[in-house]
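Make the complex out of the two chains shown on their own, each in a separate frame, by following the hints.
Residue numbers (our numbering), protein chains in the order written: chain A, 1 to 358; chain B, 1 to 210.
Derived by calculation from the structure, the hints in this document are not laboratory data.
Computed from a prediction, not measured in an experiment: that's the story for all the values here.
Note that CB positions come from ideal geometry on N, CA and C, so glycine has one too.
There could be a bad hint or two in this list.
What the hints assert, rightly or not - Here are some of the chain A residues that sit facing chain B, going by a computed Cβ distance under 7 Å:
hint: 1; residue: E27
hint: 2; residue: F56
hint: 3; residue: L60
hint: 4; residue: G62
hint: 5; residue: E64
hint: 6; residue: E66
hint: 7; residue: A83
hint: 8; residue: A111
hint: 9; residue: F112
hint: 10; residue: A203
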Amino acid sequence: MREENNPILPQRCMEFAERLELMAIEELDREGCAQVEAHAANCAECARMLSSYREFDRFLAGAEREEPDAAFLASCRAGLEDALDREEEKGLLRRWAEAVMPGQWLTPHPAFSAALLVAIGISIGTLVPRVMLHYGLGTTQETTQGTGGGLSSSGARGGSGITVANSAGAASESDWRTADVTGINWVSTGDNTPPRVEVQLKALRPLVVAGTVSNGNVEQVLLNILRNNQRYDPDVRLDAVELLRPRDKEADVRQALCQTVRTDRNAAVRLKALEALSGSDAQNDVRDTLLAALVGDSNPGVRIEAINTLRTMAENGQMESDPGTMAVLRERMQKDPSTYIRLQSAAAIRDLGPREKY
Amino acid sequence: MGMSVALAGDARQAAVKLAEEQALVRNSQAGDRLAFEELVRRYDREVLRLAMNLVHRSEDARDIYQESFLRVYRNLHRFRFECSFYTWLYRIVTNVALDHLRRRTSRREDQAPGTAGDGETEPGTRDFFDRQPEQRASPEQQLLGQELGQHIAGALDRLSPRERMVFELKHYQGLKLRAIGDMLGTSEETVKNSLFRATRKLRARLEAIR
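This is chain B alone, in the form it adopts within the complex (with noise of 0.2 Å):
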């Protein structure tokens, strides 16, 4: 009984707060810059987060997150409400940073080894674990969990601009596979089969240090 009150509740909040998303966006689209600016606030948060973990530099980050809320600002008036904001901003989002990680691996291939992609030294990286230490229960925690990041992240260098994408976005977004090929413009099967592939990948590459 208790619980399915509570159920009754969040369904209620879910849909007041669909309602006030429509309403932020529809007065976006009719122009309300500061209507735009709630929208943003809801989500460029999630936006960032994902670019940083993509991307691993600030400044590519910040581009991406820039890029992807320009793109939403000027193509705001063709959203019909086809599919959620969410969706549909995700799917500029996961656009923008797709193109940036293929720019950013074809400009790899193009420079010397040893010029790039050497994590270690940039300072977005640096300046994050920098900014850790007080979440950390213990200084042995808080290193086994840099160390191991360090080498996820470079694991995860490896993959390709997709399969890197759809598995951060299964399992650091923890979005749902049918979600995900909604973003991206492909099919579930498709999404499937990246993670599964990239999975491997990380798992053979990981292996070692499990």
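Next up, chain A with everything else stripped away, as it sits in the complex (with noise of 0.2 Å):
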């Protein structure tokens, strides 16, 4: 690099190249100073090289230099009084804008501002809801579904009016999916028509699913009740129960009911949905079902209930024998703790034996 600078110096003189520039230029030190005269001094190359660059140094300073003139200096200044001017003002204004601004006052007290701001949250988390709730209960958006599809607020399936209401409106799937059902309520009119019903739901956003249980969304949430009947009390399973056993035609409903019969953890439920599928037809699911809860169930009220659906529907010729159902109903004639299951059972085998000749 210096070397390029300066080509014609000598090689031994490049380590003095960099501060004959400095010296003419009065940045090297005393000590600089003094070696570079000395070198400089029996080294003709390095001597005229340093001539050069002061000379050149005294040809920049003989150049006319522009000097602001005093009427120019004082047209600068007032210009800059006028802009100082016209910024006080706008400082004025960005003061006052400062001191409105919540965040200029915050900033200065991080752990006031930190408090400040919790207890806002706080507020706000704690007030609105009840807000929304009051308001949004108080003023429930009711809206006539028609008939259509899926499992939301608009989506209801069947002719018959359903009111699917909630604070929000339109309900999401998720909404459906995550609800509590925290009750049903049903009226029943009397007639042959199906009763009213009213299910509420505590979602994200409170919900109420009314209408006829031949309503599609009313039948559904009754149906996710029982599908997943871990989740809900075991009233609201009864009334589950109780409100599609009069569909108990439809496949869905029957699949409900026997899941229900296999794995709800109340006895009671269980006793409910074997009633409801005593009316049912007698399909092989049922079959299935009432055998299983003959044999696995440990409440032996679900186990006479079982047996005498399946003694039913073995006199109403409902039930084929065969030798799976045939085999159960002797080992629990043979095995059953209950009298009255085991005669049962035997009465069973006798309905269907003849049957089995022919």
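Quick look at the structure:
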């Protein structure tokens, strides 16, 4: 680099190249100057370079320099004063805005600011839901639904009127999936029309599903209760079974009832589901569920209801005698701790037996 | 003995001046407009001179002057006396001037050749040289100085904004490389390299008229 800058300097002088330039612009300390001068005294080339640099500096210094005259300076000062006046006016507005903006007075007190923000957050978090609940439920938006599909507030199936009401308007899929049922109310009209049902759900938003059981939304909510029976109270499950009972001819309902018999933790609910199934068509799934309850249910009342239903079906010719069924009945006839069940099992074998011959 | 007394007197004067300046800055920070104007008057001639010699146009120099002091006014509350007010002020002035030079360079690149950079027709330059005759000893010297100034100004115009700034601060403002580095927010070594590069270019361009 330095070699390129000073191509005419001998190799031994390269270490002085930069110092020569620094000395010419008075950036070299006293000791450095002494060394350069000592070298230049014995090196004609470096002495010439130093002289050249100094000459160039003098050359530059000889040029005319622009100097601001008094009038121009005064004019600039006057312009600056005007600009400062305008700046002060803007500054007043800015200071006023800063005083009003909360960020400005919160910043110097971080602890106070944090506490205040937490308090505001808590207030909003507690008060707003209450206000929303108060006004939201008080002014429930009711929407009469027509026909359609899907589980949403606008997705009622069936032709009868359903009222889906919630405080925030339409319910989402996740609302339906995650909602807890807090209560089921229904009013029987006394005639043949199905009862009017109102299912109260607790989702992210309060939700009420109302209508008749024949309505798709109501039926789906009730089926959900039975399918996810571990999430709901026994009272709710009993109500759901009771309300779905008239619709036991439907495959969805029948399967949900079968599932309830097999999996519900509460014997009363299982019993109620068995009663509901007793009126349904004698499908294989119903028969298998009855047999499973007869064999496996720990509650004698459930087992009795199961054998009663099986007997009724056998008497009515709704059930075929197959080796599996007969084996279960024989096993119950011999081993069930309940005398009634053993007797009823024997009777059922008898009912099914003669047909087996033919 | 006499020299040491003179040096002590200079130091005392410098200390008084520094204390006065610090008081002015503090009062300005507290919103004293008169104190700020006093600060401006202490330095504005040097600022305007630097601006004029960098841009060679009165209006541009006025813009740099005004923008610089407005920035000082707006940001004076941030000044923490970690360096001298002079250094802090010049840091702002050099930034404003560099921005101006860069904008002008890019504008010039966008324009057709021959439409910009014609220093001889610029009113600021002409006004300045028109103002100078009474300061010159002889017409020959005056003419020589004018021509030389024009040549040097033309050569300086072809430097990069940063090289030009470093050259101006070193050769015409008489600042040390370290001080220039502080003002430009860079190292002394970088400033030195910029200066040497600028000097080499100028030497090459002005060789013919020396």
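Here is what the structure says about each hint:
no. : hint : in the structure
1   : E27  : 6 Å, holds
2   : F56  : 6 Å, holds
3   : L60  : 6 Å, holds
4   : G62  : 6 Å, holds
5   : E64  : 3 Å, holds
6   : E66  : 4 Å, holds
7   : A83  : 6 Å, holds
8   : A111 : 24 Å, violated
9   : F112 : 23 Å, violated
10  : A203 : 54 Å, violated
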